[in-house]
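There are 2 protein chains.
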Amino acid sequence: MIRNRIPDIVVKRLVTYLRVLQDSSREGYVSSAELGDLASVNGAQVRKDLALFGEFGKQGVGYPVEALISEIAKILGADRDIDVVIIGVGELGTAVARYISARKRANPAYRFTVKALFDQDKRKIGSKLEGVVIQPLTELSSIGSSPLTKVGIIAVPAAAAQDVLDAGVAQGIRGFLNFAPIKLKSPPGVRVHHTDVTLALQELAFYV
Amino acid sequence: MIRNRIPDIVVKRLVTYLRVLQDSSREGYVSSAELGDLASVNGAQVRKDLALFGEFGKQGVGYPVEALISEIAKILGADRDIDVVIIGVGELGTAVARYISARKRANPAYRFTVKALFDQDKRKIGSKLEGVVIQPLTELSSIGSSPLTKVGIIAVPAAAAQDVLDAGVAQGIRGFLNFAPIKLKSPPGVRVHHTDVTLALQELAFYV
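Chains as they are written, first to last, in our numbering: chain A, 68 to 275; chain B, 68 to 275.
Honestly, the hints are just simulated from the structure, not real lab data.
You may find that some hints are simply not true.
Same chains, same label: a pair holds when it works inside one copy or across any pair of copies.
[Said to hold, decoys possible] Here are the simulated DSSO-like pairs of lysine-lysine, each with C-alpha atoms no more than 30 Å apart in a straight line:
id: 1; residue 1: Lys79; residue 2: Lys191
id: 2; residue 1: Lys115; residue 2: Lys182
id: 3; residue 1: Lys250; residue 2: Lys79
id: 4; residue 1: Lys195; residue 2: Lys141
id: 5; residue 1: Lys189; residue 2: Lys115
id: 6; residue 1: Lys79; residue 2: Lys115
id: 7; residue 1: Lys182; residue 2: Lys250
id: 8; residue 1: Lys189; residue 2: Lys125
id: 9; residue 1: Lys189; residue 2: Lys141
id: 10; residue 1: Lys189; residue 2: Lys171
id: 11; residue 1: Lys125; residue 2: Lys250
id: 12; residue 1: Lys191; residue 2: Lys141
id: 13; residue 1: Lys79; residue 2: Lys252
id: 14; residue 1: Lys171; residue 2: Lys182
id: 15; residue 1: Lys195; residue 2: Lys125
id: 16; residue 1: Lys115; residue 2: Lys250
id: 17; residue 1: Lys252; residue 2: Lys115
id: 18; residue 1: Lys171; residue 2: Lys125
id: 19; residue 1: Lys171; residue 2: Lys191
id: 20; residue 1: Lys252; residue 2: Lys125
id: 21; residue 1: Lys115; residue 2: Lys191
id: 22; residue 1: Lys125; residue 2: Lys182
id: 23; residue 1: Lys195; residue 2: Lys115
id: 24; residue 1: Lys195; residue 2: Lys79
id: 25; residue 1: Lys125; residue 2: Lys191
id: 26; residue 1: Lys171; residue 2: Lys115
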């Protein structure tokens, strides 16, 4: 299956399969039912998802864990290192930078690295967080323009978020995680994943 | 349509419709195409989603904005106030508490309130954040057991997250937002929404 034809929902599940397989200390083979159980997906769905990429499994035995991990990682491009550029070093930006750095320290194979930090607050500029100097937003061009290995994290107030996204796009960033509570417009080919605590709470509130 | 038969994916879209309608200063009528544009959903899907709940729209004119907002809010239960209980007052828990409180100050109609904070760090216990005293985890029972108006936010390290979830469930919390990088097991009737920066970055990395 052509890589950019994989439906978003399948990408989401593949990410989860990879994560639960990496987190479990399972060796040898895993059945679709077991993998489904770990990932909270039903077994038939697991088989369908994995069948999209050819013949992984062995009838009656399951999938070889190690090969499955490396195959999914390859499909997802999860075998590359990714530089993370955080824009907005308030409480949320700081928390995210600390979180990523802690994961990296705990596991050197963790492939995300906080590479650059930007803020417009003069009191923050020049100070360091997790060994990275906080730069003024006007220096965004310093990150270089290779789009293949970078994601941006937008952790500024809603009113500033669209400008920040546009500036990041102009510098070649093609994937953003947006924490600002606002829906952003992005050009084709640019991916924005919106993580909004209020929306998540609202969804939960429906169920409680 | 019976409330708990609404598919999760429709709930997710309804939350988005509500949010974009509330954020837009639109008055009068909105067409399905316009609403779809605001919510990044196609117009046919908007019509299909809203048709599940009866006849909202007017052929050729669209949906009356005010009535639509209050109808979706009613469906989602978004007309109730919800108490938020944050467990783990590290950087992420602090950032989330500040964010929710700031939203509440900016808009008194915002219906989430940080009601209780818990941590096991003796240096934090007894101090205040956003006017709320940080209590030891052992006091979790102080939140009372009415399940209808509470959600829990889990912002502890992965190793502690399952215990925290179990303790929250024992105290009657039925909805959780989990920031810990681990998949949690929950009993039927309990909803756990997993927000994981690494998973979100991994998903983005696929597209860049």
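Taking the hints in turn, this is what the structure says about them:
1. Lys79 to Lys191: neither (36 Å within a copy, 37 Å between copies)
2. Lys115 to Lys182: This pair counts as neither: shortest intra-copy Cα distance 38 Å, inter-copy 44 Å.
3. Lys250 to Lys79: both (20 Å within a copy, 14 Å between copies)
4. Lys195 to Lys141: Classified as neither: same-chain Cα gap 34 Å, cross-chain 47 Å, threshold 30 Å.
5. Lys189 to Lys115: Neither way: Lys189 and Lys115 sit 53 Å apart in one copy and 50 Å across, limit 30 Å.
6. Lys79 to Lys115: Both: 14 Å inside a copy, 24 Å across copies.
7. Lys182 to Lys250: both (25 Å within a copy, 28 Å between copies)
8. Lys189 to Lys125: For Lys189 and Lys125, the Cα distance exceeds 30 Å both inside one copy (60 Å) and across copies (53 Å).
9. Lys189 to Lys141: Close neither inside one copy (42 Å) nor across copies (45 Å); limit 30 Å.
10. Lys189 to Lys171: Cα proximity of Lys189 and Lys171: in one copy and across copies (29 Å, 27 Å).
11. Lys125 to Lys250: between (44 Å within a copy, 27 Å between copies)
12. Lys191 to Lys141: neither (39 Å within a copy, 43 Å between copies)
13. Lys79 to Lys252: Both, since 22 Å and 19 Å are each at most 30 Å.
14. Lys171 to Lys182: This pair counts as within: shortest intra-copy Cα distance 12 Å, inter-copy 33 Å.
15. Lys195 to Lys125: Classified as neither: same-chain Cα gap 51 Å, cross-chain 57 Å, threshold 30 Å.
16. Lys115 to Lys250: between (33 Å within a copy, 22 Å between copies)
17. Lys252 to Lys115: between (33 Å within a copy, 24 Å between copies)
18. Lys171 to Lys125: The answer is neither: 35 Å in one copy and 54 Å across copies each exceed 30 Å.
19. Lys171 to Lys191: both (24 Å within a copy, 26 Å between copies)
20. Lys252 to Lys125: Close across copies (28 Å), not inside one copy (45 Å); limit 30 Å.
21. Lys115 to Lys191: For Lys115 and Lys191, the Cα distance exceeds 30 Å both inside one copy (50 Å) and across copies (48 Å).
22. Lys125 to Lys182: neither (42 Å within a copy, 52 Å between copies)
23. Lys195 to Lys115: neither (47 Å within a copy, 51 Å between copies)
24. Lys195 to Lys79: neither (34 Å within a copy, 38 Å between copies)
25. Lys125 to Lys191: neither (56 Å within a copy, 53 Å between copies)
26. Lys171 to Lys115: neither (33 Å within a copy, 44 Å between copies)
This entry does not satisfy hints 1, 2, 4, 5, 8, 9, 12, 15, 18, 21, 22, 23, 24, 25, 26, going by the numbered hints stated previously.
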